[in-house]
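Peer 1: If you want the building blocks of each chain, they are given just below.
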Amino acid sequence: MFQMNRTLSPTTVTLAWLTTVMTAGGTTPPAGANRAPEEQLAPKEALRRNDQTANSLAQPWTEKVFPVAFVEAYRKMFSFRALAVGWDGHGSKAILDDSVNAALAFLAMLPSDLPPPEASAASDGTVDWYWRNGLNAATVTFYKDRKAAYFALIDNSGVKNGFKSFDEIPAPLIESLRQL
Amino acid sequence: MIGPEEVVARILFNPQHIKADGTVRSGLFSPTDIREKGVSLVRLEHLTPEALMAQANAVAAKYHKPRTAEGVIECEAKKVRAIFDTQGERLLCLYDDPTKAMKDLPANQAHATAIAAVELTDADISQIKTLLTLAFGPLRRFAC
Chain A
1 MFQMNRTLSP TTVTLAWLTT VMTAGGTTPP AGANRAPEEQ LAPKEALRRN
51 DQTANSLAQP WTEKVFPVAF VEAYRKMFSF RALAVGWDGH GSKAILDDSV
101 NAALAFLAML PSDLPPPEAS AASDGTVDWY WRNGLNAATV TFYKDRKAAY
151 FALIDNSGVK NGFKSFDEIP APLIESLRQL
Chain B
1001 MIGPEEVVAR ILFNPQHIKA DGTVRSGLFS PTDIREKGVS LVRLEHLTPE
1051 ALMAQANAVA AKYHKPRTAE GVIECEAKKV RAIFDTQGER LLCLYDDPTK
1101 AMKDLPANQA HATAIAAVEL TDADISQIKT LLTLAFGPLR RFAC
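Heads up: the sequence lines are chains A and B, in that order.
So in the numbering used here the end of the first sequence lands on 180, straight run, no missing numbers.
So in the numbering used here the end of the second sequence lands on 1144, straight run, no missing numbers.
For the record, the hints were derived by calculation from the structure and aren't laboratory data.
From a predicted model like this one, the values you see are computed outputs, not experimental measurements.
We treat Cβ as the ideally placed atom computed from N, Cα and C, and that holds for glycine.
Each hint should be verified, as a subset may be incorrect.
Claimed, not checked - Capping the alpha-carbon separation at 27 Å, the derived lysine-lysine pairs in DSS-like fashion look like this:
#1 1019(B) to 93(A)
#2 147(A) to 1037(B)
#3 1019(B) to 144(A)
#4 93(A) to 1100(B)
#5 76(A) to 1065(B)
#6 147(A) to 76(A)
#7 144(A) to 1037(B)
#8 93(A) to 1062(B)
#9 1037(B) to 93(A)
#10 93(A) to 1103(B)
#11 164(A) to 1037(B)
#12 76(A) to 1019(B)
Said to hold, decoys possible - From chain A, some residues computed to sit far from chain B (all C-beta separations above 10 Å):
#13 67
#14 68
#15 108
#16 109
#17 113
#18 114
#19 115
#20 155
#21 167
#22 178
#23 179
Could you put together the complete structure from these sequences and hints?
Peer 2: Below is the structure:
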């Protein structure tokens, strides 16, 4: 298991921010509000924004323990915040901070015995968690305004529904993910 | 008309959507495209490799930062059409949709579109994303 501490390593910054989001019930980090119409932020700029996010946290934050296996998923999802207008071709939108916040909060609620999901971003600003094992697969899509929806296909049988993120993860989804 | 056995392909431009094993991420299929704009595809049987490459290069050049087209992923038409809701209603339609030449793009007689056939819930969208991601094969890269 991975334990957060108050040293501001990049991982800790990410996790501390996430925990703050969860505690506050969905605060929007300030970093993504004014993205320039460029494809992707330079690494230095992305780092600066991360620092801003860390400094703007309403401390003290609560400590959160979660599986090491989920750290890479956290990092990938968090990195999508740097994808600005045009990142996926003409007409593509910046990734919504709301969507990323919701996806990270969802991951923090995911039981540790489940396989880690892969992070994915879409050209309309939404993000997904996706799992696949052979012909079994599941997708959870996060929209703005805390809206989310899932579909899981297990042994040719599907379950799906919409839900509000930051609430509990729907039980049928967890059950399906355990069968992946 | 696109027959059930016909292969349709999606041209990929952004490495962000491609995993190390060549399969694609679910984010390739955006909810807005599925609902409103349509998922842009090509009918491979109706394009020479050279015409496909020309089309791909023209679209790649329109990126904010011009890119190189990475390749295509392919799927049989019947798999796109085999996505149904719990009432047995088809969620996606796939149709022949040739495009005229535009400012920076050549005409594409082989263009096809997959788009919502009915009003979709967010959960329907997750279903479509999951099943399209499963249905399309791994990336076939363009020859350099």
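Peer 1: Each hint needs a verdict: does it hold in this structure or not?
Peer 2: Against the structure, the hints come out as follows:
1. 1019(B) to 93(A): holds, 22 Å
2. 147(A) to 1037(B): Holds - the C-alpha atoms of residue 1037(B) and residue 147(A) are around 21 Å apart, at most 27 Å.
3. 1019(B) to 144(A): holds, 26 Å
4. 93(A) to 1100(B): holds, 26 Å
5. 76(A) to 1065(B): holds, 22 Å
6. 147(A) to 76(A): holds, 21 Å
7. 144(A) to 1037(B): It holds: about 19 Å lies between the C-alpha atoms, which stays within 27 Å.
8. 93(A) to 1062(B): This hinted pair holds, its Cα atoms lying about 15 Å apart.
9. 1037(B) to 93(A): holds, 14 Å
10. 93(A) to 1103(B): This hinted pair holds, its Cα atoms lying about 22 Å apart.
11. 164(A) to 1037(B): holds, 26 Å
12. 76(A) to 1019(B): With a Cα-Cα distance of about 13 Å, the restraint between residue 76(A) and residue 1019(B) holds, given a limit of 27 Å.
13. 67: Fine: 21 Å to the nearest Cβ keeps residue 67(A) off the interface.
14. 68: At about 20 Å from chain B, residue 68(A) clears the 10 Å cut-off, so the statement holds.
15. 108: Residue 108(A) is indeed farther than 10 Å from all Cβ atoms of chain B, at 20 Å.
16. 109: holds, 18 Å
17. 113: holds, 22 Å
18. 114: With a cut-off of 10 Å, residue 114(A) remains clear of chain B, as the shortest Cβ separation is near 17 Å.
19. 115: holds, 15 Å
20. 155: holds, 13 Å
21. 167: Non-interface label on residue 167(A) holds, nearest chain B Cβ at 15 Å vs cutoff 10 Å.
22. 178: The assertion about residue 178(A) holds, with a minimum of 17 Å to chain B.
23. 179: The assertion about residue 179(A) holds, with a minimum of 15 Å to chain B.
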